[in-house]
Structures are given as structure tokens and as C-alpha cells.
Amino acid sequence: MNASRLWTIARLDLTQRIRTISWYVLLGVFAVVLVGTTALSFLSFSYLDDSGPGVYSVVVLVTLLLIVLVSPTLSGNSINGDRDAATLAPLQVTQATTTEIVLGKFLAAWLTGLTFAAVAVPFLVIATFGGGVEPITVLASTAILVAETGVVAAFGTALSGVLARPLFSVAATYLVVAALTIGTPIAFGLIGSSIASERTERYLTAQYDPTTGAPVCEDGTTNCASDLSQQVCEEEGPPTTSRIPRFDYVWWILAANPFVILADATPSGFTVDGYPDDLFGQTKYAVRQAQVAPDLDYVYDECDPEQNGPTAEEVVASTVPSWFIGLGGQVIVATLLLWWAVSRTRTPARRLPPGTRIA
Amino acid sequence: MTNAGIVAEGVRRSFGNVHAVRGVTFQAPEGAVTGLVGPNGAGKTTLLLMLASLLAPDAGTIRIGGVDPVAEPAAARAKLGWMPDSLGAWPSLSARETISVTGRLSGLSPAAATSRATELLTTVGLETLGDAPARVLSRGQKQRLGLARALVHDPQVLLLDEPASGLDPQARIDLRLLLRALAAEGRTVLVSSHILSELEEVVDDAVFMMQGETVSSERVAEAAGRARTWRIRLAGRDGVSAALPVAQALGLDVATLPVDRRDVLVSFEGDAAAAAGLTALVSAGLPVAEFSAASGILEHTFLDLEGGAR
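Just so you know, the protein sequences line up as chains A and B, in that order.
Taken in order, the first sequence gives residues 152 to 510; the numbers are from the working numbering.
Taken in order, the second sequence gives residues 16 to 325; the numbers are from the working numbering.
If we strip away everything but chain A, and leave its shape as in the complex, we get (with noise of 0.2 Å):
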């Protein structure tokens, strides 16, 4: 593997994709998008003392799914459309190795991808003047942003040279990005609710007298109306049964979802409530709760006044990330995929696709 001839085959990708119109046109857009994005999210997020952190998760977020929903376009043809267009045959008889080749792609449509985050980097920095932004979210949440936008660069790029037909590779990146984003979140839902557990419901409410009106009080007496420790809960009626999801089971297929990676990896701030303060934070929060075994013989005491359930901030502390794993997995499956692609784009080639030519 050579550097330099690496950073050409990127640099020949790059030179022609700067060069056209519609480059400039799609990041227009993009920008465009991304002002709305921010308007509207200092608006939802007013509420609260620090703006900052909502408005800047939500442009994070908004970057990485346009990131998602372009970069298959980018780079899901970059190899099987040169072949198409002849152009890779003659970078296939220099000294460029096939590896140089399909890694110099990835390169290239991993950058394209990045320059759309440098689009939104203003929109960030905006964002930071609502208060309350940590230094610490801000490298995490870039350095996942980075690293998602290589897995789908990778797999575009992959795709295009396992793929024979460059429409057929395209749509199959797309399937693969949808199957992470949208697919994740049904097989978990789905799949969830199908393995649902039986659950016996019993409920204690606080007793009062039936003739003054009065509570009925531990210690006899009746004024413990202020004090809900000191009044007697009974059982009212027979327990009763209902089938409650096993989210706990499944929560682990969500932590494939690109978004999911991006907010339980970054470290997300909550309000003095123990509620989280930005979108990082809450999808977290969602994704942590499904962790969390439901109990299968619950009371609900009206005389426990602990009982209101942990709080996000408490979830989240109790429960484990999952991030790592998730990209974990998409880089080893992209990884895997590259590799694919180079031994099936290597020459002298033996076997073709059927309806290919080489050049």
C-alpha cells in the first residue's frame, strides 16, 4: 500500500466531484435545511435556561441523517459506475494496487461525506451561543458523526464493487442504511411486543372512612391526611393480568441504529428535575429504559410516596452504553465488505460478473 497513490485515485474521485454544478446545488440545500433546522430548534428548546444543548443535538442529529440519506448516492456507484464509464481499467494497469483502488474510493466518498459536516458547522457553533454546551459533547458527538459518516461511505463503496450493476448497488446501500435507521427500531418494536410477558397488576389505595370521609391513619387516629406513609392502603379487588412488551430482551438491536450510537455515546447533561436537556439526551433515555426488566408482579402502593419510578438521569446511570458495540460491528462489517470488494474487483480478473466487461 502506497500513500501517495492512495491519496491520488481520492484526490481524482474528489477533483470530479467538485467540479460539477450540482455539487454545490445538493450542499446549497443542505444549508438551507440545516437554517430552518436551527430557527426551529431554538424555538422548541426556549424553554429551558441553556438553549444550547437542545439546538445543538438537534443539528447533530439533522447533519447525520442528511449525511445517511445522500451518502449512498455518493458513494454507491464509485466503483462499478467507473467500470461502466471505463474508467477504472486504466487505473487498474497502473502500479495502483487493487487495494489502493477501493480503499482510495472509500477515501473519497467518506470526505464528500464530511464536507456536508463542514457545511454544518456554522449551524454548531450558532447553536454553542444558546448557553450550556460541554466541550465534551462537542468532541463526542463529532467524533461519532465522523465515524458513521465512514461506515455508510464504506458500505456505499463496498457495495459498489461487490455489485455488478451500479443501480443495484445504490439501492442496496440504501437497504442497508434503511435496515439500520428504520429497520432497527420496527425489529425492535415488532419483536418486542411479540415475546410480551404476563404481568398481575395489584393496586393498594388509601382507605377512608366510609361515613366522615375521613383517612384512615396507622396509628388510629385520622390526621394523617397531610402524611401519606401513615395511612393504611388496602387491596382493592381481585389482581389483575395484562401482557406487557419484553423490550428488555431486544433492546440490544438498537444499538446497530446509527442514531442510537450517536446519542448514547455523547455525554448529555440533565435539568435539576433529573430530566435530559438536549435530543441526545432523551433518545438515550428511551433507549437505556428498554434495558430496564419490567416487574412482573407489580403493586402500585398509593401509600409509598418512593414509588414514582427512577427518574432519566437514574436510568441512565443504571444501565449499560452499547455504543461501542453498535460501531463496533459496523466497522467490522464494513471492513468485512471492503474486502469483499477488493477481491472482487482485483485483476487479472478470472471470473466476471455476468453482463460485465472489464473495460
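It is worth saying that the hints were derived from the structure and are not from the lab.
Any given hint could turn out to be false.
[To be verified] Here chain A is said to cover these stretches of chain B; the calculated rule only asks that three of the stretch's residues, wherever they fall, bring their Cβ under 8 Å from a Cβ of chain A:
id	stretch
1	79-91
2	113-125
[Claimed, not checked] Interface residues of chain B toward chain A, partial, derived using beta-carbon atoms under 7 Å:
id	residue
3	S68
4	L70
5	G103
6	W105
7	A199
[To be verified] Computed beta-carbon distance windows for the label pairs:
id	chain 1	residue 1	chain 2	residue 2	range
8	A	G480	B	G25	47 to 53 Å
9	B	R276	A	W174	42 to 48 Å
10	B	A127	A	T224	35 to 41 Å
11	B	S232	A	L487	49 to 55 Å
12	A	A322	B	P184	31 to 37 Å
13	A	W174	B	A147	18 to 24 Å
14	A	S155	B	G75	42 to 48 Å
15	B	A199	A	W158	33 to 39 Å
16	A	I172	B	P184	35 to 41 Å
Idealized CB from N, CA, C, for every residue including glycine.
Since chain A is already given, all that's left is putting chain B on it; use the hints.
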């Protein structure tokens, strides 16, 4: 094996049920231009792809300057320059960038690649178009750019697939001179074409391919030796009035001689018979203005072989 040119022995390659190349054996020596001649679908492009180290043969051996392109593609690529039948040009790159990028990938330093690009643009006559994007080039100009790209790393062996297609007459003459000059420098040049009159003027030798196989030299010699047609034109006469004196001088029946516009067409068994015929015409006092083979030796052989194959 000391041949530094191209050696192919028993090379075969099929795609599924299509046997594109079924048995190719030939040598292209260094210091010479060798033509690769065959009808459409004869397997010429497939053969060139195998020689260019892009396609692996199913069987047989290939040596490019003594190097096996299947076992050592990098070493073979350093020796060979390949020009495809249609140039896949990076649309928004200029001709100069196209050449220098290829040079960079072939191991030249940035400065060397840039100066080599300028040099080659002059060699192929594209110096005024060096900074125009490749997509605005005409077909002939793209062919010239393809040739420049193939030459960027100064290869010993050149594989050119239809280099003359789309070229104007002046560019064809320039190409011919360039190919002769490259061969004179000791390089091996293999040119495929079906414009046989073009090839005729530049090749030292030719390899004929029919239905995926190289035609044996005996069969080529036999085909080349068969009767060929010559065109005879007499000064100041049209074809019809020239036919009778020509037939009388050659001792032929005038009814057997076809006439094409101003020319009379006569069939001779090889060069010696033709020379004898010309002597007879001149000694009969006929004003012979033109006496030439109606078809080149390549074209004649090609048509004869193709006729035999049908």
C-alpha cells in the same frame, strides 16, 4: 525465452458458454509493429485485455517482456502500455491532468508527471487542448489522449486497440509515423484494427484471428498466395474501351474482364504473374497509367480467410 516482446501460447478464455478466445498462439517481436487482424467478434479485445493483465486466461501462457502478467501483474504493468478501444476519460479532468494522474499512479513524481504530460501532449498533437476538460474532446482527440496515457510510463510493450478509429487523415499519418518511431526505438507494438488499408502501411507483420483462434502461418501464406485482383488504367481511355486491348495483350477473353469505372480488373496469381502481365502490357505499347493491387495483402488475406471460414 529471450523474446522481450509478447509471447502467447495456447491462450484460451471463455465467459460462461461464450468461448471468446479459443486458442491463441503468436509472438510479437520487439522493434516491430505487429497487426492484430480479425473480424468483429474474433476475440481481439478479449485477447488484448488478457495481454494487458486485466483478464486472467483460462489456459495458456502469456509473457510480456518475459513477465507473466497473471503471476506478476505489477511487473507486467510497468512494461506495458494499454490503449482501450474507447477512452474512458474522467469527464471533468483536463487532458493534461488525465495524463499526469496516470503518471503519478505509475510511479512518477509530481514534477515528472507534469513535465511528461506536457511532452506527451505535444507528441500526440493535443498541446492546444491540454487544459480543456476531457468531455469536450472529439472522438479522434480522445483517441490521441488515450495513446498519450498509454505512453506515460515509457512502456516497452504497447497494446493498442483500434487506435486509428475516429482519427482524421492527418492524425492517421501522424499516428503511423509515431508507431514506426516507437518500434524503431526497440519497442514492441501490437495494433488491432479492422481498417486494413491503415494497418497495411504501418505493420511489419500481422496476426490473424478468426473465431477466437489465431490462424496458422501456413494458412495465411496459402491465403495470401491466392489469385488477387489488380486495377489497370490506360491513359486517356475509359474502362470499356480499355478492356479489349488489355485482354488482347494479356491473351485473355475480354468477356471475363470486369470493368469498374475507368479501370479494368485483372486477376493474377501472385506478384510474379502480375509483373509479367505488366511487362506484356507495356511491350504491347499500351499507355499504362496505373497498375495496382485492388486490395492490400492484409485485406486480401483477411477476406480470403473469412470466406474460407464461412
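Status of each hint after checking the structure:
no., hint, verdict
1, 79-91, "holds (count 4)"
2, 113-125, "holds (count 6)"
3, S68, "5 Å, holds"
4, L70, "5 Å, holds"
5, G103, "3 Å, holds"
6, W105, "6 Å, holds"
7, A199, "24 Å, violated"
8, G480(A) x G25(B): 47 to 53 Å, "49 Å, holds"
9, R276(B) x W174(A): 42 to 48 Å, "59 Å, violated"
10, A127(B) x T224(A): 35 to 41 Å, "37 Å, holds"
11, S232(B) x L487(A): 49 to 55 Å, "51 Å, holds"
12, A322(A) x P184(B): 31 to 37 Å, "48 Å, violated"
13, W174(A) x A147(B): 18 to 24 Å, "21 Å, holds"
14, S155(A) x G75(B): 42 to 48 Å, "36 Å, violated"
15, A199(B) x W158(A): 33 to 39 Å, "38 Å, holds"
16, I172(A) x P184(B): 35 to 41 Å, "38 Å, holds"
The structure shown violates the earlier hints numbered 7, 9, 12, 14.
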